[in-house]
Each structure stands twice: as structure tokens, then as C-alpha cells.
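Sequences are here, hints too, so could you generate the full structure?
So the protein sequences, as listed, match chains A and B. Residue 1 is where the first sequence starts when you use our numbering, and the numbers rise one by one after that. Residue 1001 is where the second sequence starts when you use our numbering, and the numbers rise one by one after that.
Straight-line C-alpha distance at most 30 Å; calculated DSBU-like pairs for lysine-lysine:
(1) A:K40 <-> B:K1087
(2) A:K37 <-> B:K1229
(3) B:K1661 <-> B:K1676
(4) B:K1494 <-> A:K40
(5) A:K42 <-> B:K1229
(6) A:K37 <-> B:K1087
(7) A:K44 <-> B:K1494
(8) A:K42 <-> B:K1477
(9) A:K37 <-> B:K1477
(10) B:K1661 <-> B:K1634
These stretches of chain B come out as covered by chain A in the derived footprint (C-beta under 8 Å, 3 or more residues):
(11) 1228–1235
(12) 1241–1254
(13) 1501–1512
Derived DEER-like restraints, expressed as beta-carbon distance ranges:
(14) B:S1639 <-> A:F18: 45 to 51 Å
(15) A:S41 <-> B:I1278: 33 to 39 Å
(16) B:W1604 <-> A:C26: 55 to 61 Å
(17) B:D1425 <-> A:F27: 49 to 55 Å
(18) A:G30 <-> B:K1093: 39 to 45 Å
(19) B:A1116 <-> A:C26: 48 to 54 Å
(20) A:G30 <-> B:S1092: 32 to 38 Å
(21) A:L22 <-> B:S1639: 45 to 51 Å
(22) A:C26 <-> B:I1177: 25 to 31 Å
Rather than coming from a laboratory, the hints here were simulated on the basis of the structure. C-beta: ideal position from N, C-alpha, C; glycine also.
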Amino acid sequence: MKFQHYLERISGIQIFPFISLLIFVCFFVGVSYWAFKIHKSKIKEYENIPFN
Amino acid sequence: MHTEVFYYDNKFPKYFAIATIVWGVIGMLVGVIAAFQMVFPVLNFSEYFPYLSFGRLRPVHTNAVIFAFVGNGIFTAIYYSIPRLLKTEMWSKRLSALHFWGWQLIIVLAALTLLAGFTTGKEYAELEWPIDILITIIWVIFGFNMFGTILTRRERHLYVAIWFFIASWVTVAILHITNSMELPVSLFKSYSVYAGVQDALVQWWYGHNAVAFFLTTPYLGLMYYFLPKAADRPVYSYRLSIVHFWSIIFIYIWAGPHHLLYTALPEWAQSLGTVFSIMLILPSWGGMLNGLFTLRGAWDRVREDPILKFMVVAVTCYGMATFEGPMMSLKNVNAISHYSDWTIAHVHIGALGWNGFLTFGMLYWLFPKMFNTTLYSRKLASTHFWIGTLGIVLYAIPMYWSAFRSYFMMKSFTPTGQLEYQFMDIVQTIVPFYFIRAIGGTLFLAGVIIMIYNLWKTAQEGKFIESERAEAAPLTKQYVAPAGSLWHSIIERKPLMLLTFSLIVVSIGGIVEIVPTFLIKENIPQLTSVKPYTPLELQGRDIYIREGCYTCHSQMIRPFRYEISRYGEYSKAGEFVYDHPYQWGSKRTGPDLARIGGKYSDAWHFNHMLDPQSMSPGSIMPAYPHLFETEIIKSTTISKIHAMRRLGVPYAEGYESQCIKDMEIQADKISNNLLKENKIEIKSESEIIALIAYLQRLGTDIKLKK
Chain A
1 MKFQHYLERI SGIQIFPFIS LLIFVCFFVG VSYWAFKIHK SKIKEYENIP
51 FN
Chain B
1001 MHTEVFYYDN KFPKYFAIAT IVWGVIGMLV GVIAAFQMVF PVLNFSEYFP
1051 YLSFGRLRPV HTNAVIFAFV GNGIFTAIYY SIPRLLKTEM WSKRLSALHF
1101 WGWQLIIVLA ALTLLAGFTT GKEYAELEWP IDILITIIWV IFGFNMFGTI
1151 LTRRERHLYV AIWFFIASWV TVAILHITNS MELPVSLFKS YSVYAGVQDA
1201 LVQWWYGHNA VAFFLTTPYL GLMYYFLPKA ADRPVYSYRL SIVHFWSIIF
1251 IYIWAGPHHL LYTALPEWAQ SLGTVFSIML ILPSWGGMLN GLFTLRGAWD
1301 RVREDPILKF MVVAVTCYGM ATFEGPMMSL KNVNAISHYS DWTIAHVHIG
1351 ALGWNGFLTF GMLYWLFPKM FNTTLYSRKL ASTHFWIGTL GIVLYAIPMY
1401 WSAFRSYFMM KSFTPTGQLE YQFMDIVQTI VPFYFIRAIG GTLFLAGVII
1451 MIYNLWKTAQ EGKFIESERA EAAPLTKQYV APAGSLWHSI IERKPLMLLT
1501 FSLIVVSIGG IVEIVPTFLI KENIPQLTSV KPYTPLELQG RDIYIREGCY
1551 TCHSQMIRPF RYEISRYGEY SKAGEFVYDH PYQWGSKRTG PDLARIGGKY
1601 SDAWHFNHML DPQSMSPGSI MPAYPHLFET EIIKSTTISK IHAMRRLGVP
1651 YAEGYESQCI KDMEIQADKI SNNLLKENKI EIKSESEIIA LIAYLQRLGT
1701 DIKLKK
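Below is the structure:
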């Protein structure tokens, strides 16, 4: 009677969350890498935009 | 270098700021009235008219605060900050005017239609289809104006606040359109195209992300502009703000199913919602710390500057709410918090603390700037701050207390295995907490009134600067990126690419969650005993939706011993396949109604709707005398049946010609029964008969025989 029993008919549904997590981790690592590679002078310039 | 002269417009930021204040007062006032209604049911004024009953007022409160108060707050921030961050004017004054007046028109229409009972019955998306279309049009106009401004900028790099605005714009558009898919039946009546489990999932994907992309991300943009301005120092870490942006928009969208734990939603979707909710702590706290650390070295100023005080408490409330939210997504915690006043406390920490205080901080900063003067009274602003803070405390603490108290009472059994407390016992013990909460809300509103006086005097003492002269060099057409720049620097200076990437990022979560649930649509258990509603029940259901019964009653029994003992067998997904829209609810001020059918007699419901306290002494439910006067418009049944069939409800072909007759037969049976057994005389055309028919049907399809 429970709903999830019917979901089992989609093959490999349980892999969805794992793929999602993987996508996120890769994405997060990429963004963090990029964020910390920006040159200091650029960061200084960007963060001061509201004051220019 | 050649520079160009241009003017920053202050007229529309001022307009939006005034609208923020006006709608803020109205939205909060409605909230205060609704809070007192829960203590004194007489304040529903049911004897005189149906328009002010809690079920109709509550959607006005939520919609007004979210879309009118916070909405106009967002636009104030955007219309003020974007031109200055991009060194250009807003793209089109005409579009600005259309946006401003269009949005205010939507708000007025929303308030009137909701009070009149025109509602889709989906929380925070109650507005009917013509208004939904109007919202879409105005949102697109706003988008054109914003992107036009971005594309004609004189500053190449898009400051991080603008990223938040762009992502919010695109995501709200997707959420609104997806969740508002409805089939019109008449000018102000429609049915959600989704039913039951799907409708619930789409609704909470929307509801959760309305919090995320309307109440949070645009306000983070606001924070990243106005907090550094008020503190007069750049944001603590610009690098952190970049990581904050991408991770928060990526993760937020996944967390919607945490609103549906222990319901009939698939287990894997519930778990996914929980996992991503926990992960959400990281970017949320990254943003919060970035905000607080911006004040490094300026904490001495926080003691004296009311603007910074408001902002610090706002960011702290954001931190509290974004820690609390993930905790509430843990299933064991959610078992306590869901359907309880805990959720109400949680959202008000966010709405009053984060949105409210950040808005006030922005307004106190903005008015002196726009009127070229200083704030009329810092002392009054400080008084506002302390009254507001006390208001939040008095609001939240009783709600937490009430939530735990009711939870322990709900799950308490006697040694012989009987439920120890009746639902009414629990209601009566928490009414005093509702009273303190209402006082807290009143204090918060009183603070806003003080602010209005202060800003009014500030405006009077200064002179409004309608436009500010500025000059900047135009962007060179042939831009060569400096050597060694990374891929992301391309996105940063290409707004449409940023828009596209944001769209992709927010879509991933939505697709992974929603698509599988729709793919299995054909496989949803077609319980043979679950049949479509009869025409009379369908009419009754529409009355249930119109009166906002879902604002206090759930229709979803969770698989807990104490719920099953109290309400009956737990709810199954297959029971809701014909529910356009679903009516699971999110708060139980009254008991669950999923299996109310057959529990009481028709006469009980009749008397209860006429005078709830006569049947349930101590009840805080409003009376519904108008249901006894008003008659059902029978002719609407035909279009309703037709619409339902188009949505997949298996009414026989041509049943339209038969449905009114069937409705009359069922209604006559109920009214004759009332007359025969209880000597109650009532016309079979009365709305109450249809409502009784609906209530008596609820949960009976698979009700276990005792």
C-alpha cells in the first residue's frame, strides 16, 4: 500500500540522490577553487564597488 | 578618459520604500488581528459577514507580508542599489512605473479577492488565475527593466548583490509558473492541474523556495549592499560571498520535501529533502558570518548606531532560523515541530527578525540619504529597535512553549492505553500562549509606527533629491580579459550567462525531485475503493477551500501511534488522486480531518458549523452562519465536473447532464435526514448541506471497519 513500493518500478531511482550529491560536491569544489584563485587586487576592486 | 554624465533616480526607490511601509503596516495589522482571533473567536465577526474569518484573513496576512512588504522591500533595494553598482540609470522609467503600479494593483486585487473567498487553496499561492497571469506579466516587466539596466552598465564586474537579484528573479519566475498551473473553471475559480501527492510536492517545492528565493536570496543581495554601506567598510570576504552564492542557490532548491516528512510522499524524496536541508547550514552560515564579520573593528559603532543594531539582529536571526530549519528537517524533530506552533515561531524569527529588521535598517539608512539630511531621531530608532526585539521575543517563546506542550499532551497515553487528553484540552491550555504571542506581534507593530513617525519627520526636515548626478566612463567595446583570468570571470561580466547558469543550477534540484514523481503518475496506486467526489461533495470541497479550512485543519494522518489513535488509520497516497488541489494543510490549530467522515452525525456538523462552541466547549473555531443562508449556484457544477474530467478525474462522458440531478438527490437526502431525525429545517440548496456531504465523505473510501 505504501507509495514508495510503486517507485521501485523506476529502475535505479535510489541512485538519484547519490548522483545529486556528487554533482553538488564537484560543483562546490570547482567554485571554491575558482573563488580562492582570484587575484587579491581583483577582490579588492570588486568588494569596493559599492563605495565607488 | 572620456566620461559620461547620468542621473540616479530616487523617485522609484522612494515609491517602493513607501509601499513597503504601508503594506508592512497592513500586513502586520492583519496578522495581529488574526492572532487575537485565536484567543477571542468573536473577533471573526462571523455574525455580520464572512470576510474577516481567520481562514480568509490568514492568507491575506501571509501574502501581504511576503509579497507586499518584503516584495516592495526587495524592489526598493534593487531600484536603489543596481544603478549605483552598475554606474547607470535604470533602463526605462516607463517600465519602472509599470512595475511599481502593476505590483501595487496586484496587492490590492490579492487582498480583495482573498477576503472575498477567491482562493486556489495552496499556501502562499492562493491567488486565482487572472492575478497569477498579472503577476507573471509584471515580473517579466521587472526583469526587462533589471536586465536592460545591467546590459547598459558602465561597471564591468557584476557585484555579488546583483547575482543574488538575478538568481532570485529567474527562480521566482520558474516557481510561480510551475506551481500556478491551474485549469480555470470561471473568472475567479480554478483547479490545480496537479493532484494529491504531486500537488503537495510541487506546492512545497514552491513554498519552500518562495522562502528561499523571495525572503532569503534577494535579502542577501540587500545585505551585501546595505550592510557594507551602513558599516562603511567592504564585505568581510568577497571570496566567501561567491561560494555562498553558488552553494546557496544550488542547495536551497532541493530541500522542499522537508515540509512533507512522515506524509505519503515517497521515502527517498523525504530523505533527499533532509540531507540537503542539513547541508544548507553551511552556505547559510557562511553568509551570516560574512555579514557579521563585515562589522569587524566596528562593533563599538553597533552600540550607538541603530541602523547597525537592526542589521546585526537581522543577520543573527537569519543565522538562528537557518540553523533551526535544518534541525526541523530531521525526521525525529519534525515529528514534534510539524503541524505545531514551532513552525510558526520559526517563520516569524525569519520574517520579523531577518526580513523585518533588515528592511528597517535599510529604510533608516535610505531616507536620510534620499532626503539629504540626517535621521530625525536616533533615540526613537533605538526605541523602535528595543520594542521590536521585545516583540520578537514575546512572539517566539510562547510559540515554542506551546509547540512542546501540545506535543507532549498529544502523545500522552493513560496506563490502560487510552489517549490521555482530548484535542480540546490541548487547545485550551495553549490559548494563553496565543495571547502572549498576539501581544508580541502588537509590540512589533508599535515599533513600526514609531519608525513611520521618525521617517516622516526626517523627510520633513530634509529635501527630497529626485535625481543624483554621477559620471563614469563607458565600457570599452573590445574588452580583453587580463592574462590568467579564470573561467568564472567570464560569467561575472556576462549577465545573461550568469542568468543561464543560475537557471541550470536551480533547475537540477527541481528536476531530480519532481520528475520521478511525475513519471510514476500512472503507477500511483489506484485504490479501487477510492472514487471521485460526488457533485455535491465537490461543491462542499470548494466551500472548504474558500473558507480556508486548511489554515487550521490538516488532512494527513502520519503513521504515529498517537495520531492513529486520535484520528484513525494513517493516510495513503492513493487516497488523494482526485484532490485538485490537495488539502493536507501545514498547521493543526484544529484536529486533523482526513478521516472525519462518519465520525459525527450530520446534525453534529450542522450545529458545529453554526456555533462551534455549542458542540465543542472551549473551541476557538469561528462560526459560519453565512453557509446556512447562502445557496449553492447549481449551474457551476457542470463546468466543475467538466474541468475535473479534463484533469483526469474519471467522471463518465456526458455526466454533466446528470450531475445536477445527482446533486439534488444527495442534498435532499441530507436535509430530509436532518428534519426527520433532528427536527432541523434547512433548505437542501444551502451551502452547509454541501459542506456536510464533503466532510462526511472524508477518509471513508478506505476507512477500516471497526
